[in-house]
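Peer 1: Fit chain B to the known structure of chain A by using the hints.
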Amino acid sequence: MSAAETTCITLAPGSARSSSSKAAYGLVAASLLFWVASVAVFLTHSLDELPLYFANRYLVLDPTSLLFVLVINTVFLGISVYMLARERSSERLARDIRSRAALTLLFMAVMNVGILLNHMILLWAFVEISTLCAAPLVARGDSPSPKASAWRYVLYSAMSLAITFLGFMCLSQSADLRGIEVNFLVDQLSFSLTMLKDGWQRLGLAFILFGLGSKLGLAPLYGWMPETYEAAPTSTSVLLAAVQYNISVVAVFRMLQIFHGFETGFVAQELLVMGYLSLIVAAVQIMAVRNYKRLIAYACVSSSGVIALGLSVGKAAAYGVVLYIVSNAFVKSLLFLTAGRLRAVYGTNETAPLGGVIRVMPFTGLLFTGGIFALLGFPPFASFLAEMLILSGIVQAGNLMAFTVMCVMLTIIFVSTGQAVFPMLWDPPSRSGPPVIESLVTVLPKMGFVVVLVMLGTYAPEPVTQLLRAVAASIAGV
Amino acid sequence: MTVPLVLCLIATVIPVFFSKISSAPSWLGLHALALGWITLHGEETLSLHTVLVGLEILLVRAILVPYLLRRALRRQPAARHNLMPSNLFTWIIAVVLIIFAFKFGDGARADARALTLGVVAASVVTAFLVLATNPEPKAQLVAVLFMENALALFETLMPVAWPLAVHLAISAVYLLTVGIGCWLVTETPVTASESAEISGEVP
Chain A
140 MSAAETTCIT
150 LAPGSARSSS
160 SKAAYGLVAA
170 SLLFWVASVA
180 VFLTHSLDEL
190 PLYFANRYLV
200 LDPTSLLFVL
210 VINTVFLGIS
220 VYMLARERSS
230 ERLARDIRSR
240 AALTLLFMAV
250 MNVGILLNHM
260 ILLWAFVEIS
270 TLCAAPLVAR
280 GDSPSPKASA
290 WRYVLYSAMS
300 LAITFLGFMC
310 LSQSADLRGI
320 EVNFLVDQLS
330 FSLTMLKDGW
340 QRLGLAFILF
350 GLGSKLGLAP
360 LYGWMPETYE
370 AAPTSTSVLL
380 AAVQYNISVV
390 AVFRMLQIFH
400 GFETGFVAQE
410 LLVMGYLSLI
420 VAAVQIMAVR
430 NYKRLIAYAC
440 VSSSGVIALG
450 LSVGKAAAYG
460 VVLYIVSNAF
470 VKSLLFLTAG
480 RLRAVYGTNE
490 TAPLGGVIRV
500 MPFTGLLFTG
510 GIFALLGFPP
520 FASFLAEMLI
530 LSGIVQAGNL
540 MAFTVMCVML
550 TIIFVSTGQA
560 VFPMLWDPPS
570 RSGPPVIESL
580 VTVLPKMGFV
590 VVLVMLGTYA
600 PEPVTQLLRA
610 VAASIAGV
Chain B
614 MTVPLVLCLI
624 ATVIPVFFSK
634 ISSAPSWLGL
644 HALALGWITL
654 HGEETLSLHT
664 VLVGLEILLV
674 RAILVPYLLR
684 RALRRQPAAR
694 HNLMPSNLFT
704 WIIAVVLIIF
714 AFKFGDGARA
724 DARALTLGVV
734 AASVVTAFLV
744 LATNPEPKAQ
754 LVAVLFMENA
764 LALFETLMPV
774 AWPLAVHLAI
784 SAVYLLTVGI
794 GCWLVTETPV
804 TASESAEISG
814 EVP
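If you read the protein sequences in the order shown, they are chains A and B. Per our numbering, the first sequence starts with residue 140, numbered consecutively. Per our numbering, the second sequence starts with residue 614, numbered consecutively.
If we strip away everything but chain A, and leave its shape as in the complex, we get:
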């Protein structure tokens, strides 16, 4: 029995235990509330009614915010159920659960408001606040120096967001030189743009895309992502990869909506270069990596590359990109949560000591296999459909270079991931004894993510498809 499992059995004394359980149940209740509220808004508002503005137009409910609020709250529900299940078996989490639950709730509140924001500077501030809320959670990881990892995460974020802010400064300068008053409300900012060639405007756009791209883990400023995702506790890795990632996606979408019809070629070129670089970097790193959590993190870098390439071709791949982003949130959640379970049982993130996972932990093994297939873009998962749509869009746009790079890099990633992961799943078990018993609560959120992925890849309900289409249409001006 591993050290990790031994600690699972030693639990805290009764009163402390009951109070920590209350915190875990409270988190589940809050996440359920968030999820029910977002689903209710989705069901009660038709797309024709949108956008709706609130709080002096600082908040907006439009297809983009509605879709991402739904996605992050669904993921949050899964994370909170996972934390409840782990709190029962992990002494350390039981001790920490109150502060972790409070920080997670604060983080989610910031994320929900951030996604609804209709003001670019406020959105910028909320991305940074969400990073600062997540940093104490990252610092609870078990890397040799978790605080140092958390600090590097904060530092990278501060740098990339400072670059983004420089972009806003340049846009403001551009408008001022033309005698126009700039307003950073999303639906107003485009009025201060010009169709003419303007160096300040272009510089601003370049800085903003570069800064936000860094928050998405796009090369060259991608280094924080693998380190942070590996160093953070599992639930925090999911929060970062599937929740915080999406507020950065929203910020990029907002910029594309603002620049609808402006600087089209320039946006496409910058996204293309960052997409190529990210795919190449991810493919090379995945070939070398022997740590399953880090492998998932590098897969996130490659996903960002695919998204950037898809966005660069514009209308042709827009629907595929939106579907890819949504499915990616669930794929990452599924993979990180199963990786957390593996870590709890085997006590390591390395692939080498693990063997026969599918026999030792049948459910977790199967779910991890499913997650890997979804990550690699196999049918019937939504990622398959999304990748096909993106590739077809790239071909329609006539960018054969992007098509070739994407196909070659995804093939390398596919082979390297298989080489690293499949022996750990299928080899003879490295651990003696009967299979590990997995409770329904542990498996339930991951099963839910698989169902969503299959549903999106095979038959998505019409309202969901319409919502995805509406978001795709809003960004398709590139």
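Everything labelled a hint here was simulated from the structure, so no lab data went into it. It is possible that part of the hints are untrue.
Output of the computed footprint for chain A on chain B, the stretches with three or more beta carbons under 8 Å from beta carbons of chain A [what the hints assert, rightly or not]:
1. 626–633
2. 727–740
3. 756–767
Keep in mind the model is a prediction, meaning the values are calculated, not measured. Every residue, glycine too, gets a C-beta built ideally from N, C-alpha and C.
Peer 2: Relative to the frame of chain A, chain B by itself:
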């Protein structure tokens, strides 16, 4: 407007060349005082909005944050190090970057606006230079705070001041950066129970 801008520039440039990390809170305070001066004198008649923003700058940026930073740096051996490594190479790069920063501002217009833009750009590039040359987390934290002050200075260039909600959010970012940053970069002695915890499992 020129005097506080020059003060801002001095508060950014001098510590980068000559100061220790431990004296950074005072320079940050001076930077914020100059920022407050610019904000309060930016308009001919003082509106409630301007007073509130000025107060926020003075209370948060000039008093609270330097105090928190000073407290975090107390008894830290690394605080005795230079903010930026003192060698001719980094000094030359810093001077060149500052000249470029003012060229960047000048490209716009040769007036107070150009000077402000130059000061903002100089603050940002010197902060990036500190980040690039000093691996010490405490120095990096100071650089990030200078950068965020520079972003606040940028607001004075706007024809209309940002709404209070935006100010509050940017202030929250600044306060959280110093609070969480200090906690993350401050070394605390590792107790036996903590080291046992580090080797234990993590959910």
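Peer 1: Now look at each hint and say whether the structure bears it out.
Peer 2: Status of each hint after checking the structure:
| no. | hint | result |
| --- | --- | --- |
| 1 | 626–633 | violated (count 0) |
| 2 | 727–740 | holds (count 4) |
| 3 | 756–767 | holds (count 5) |
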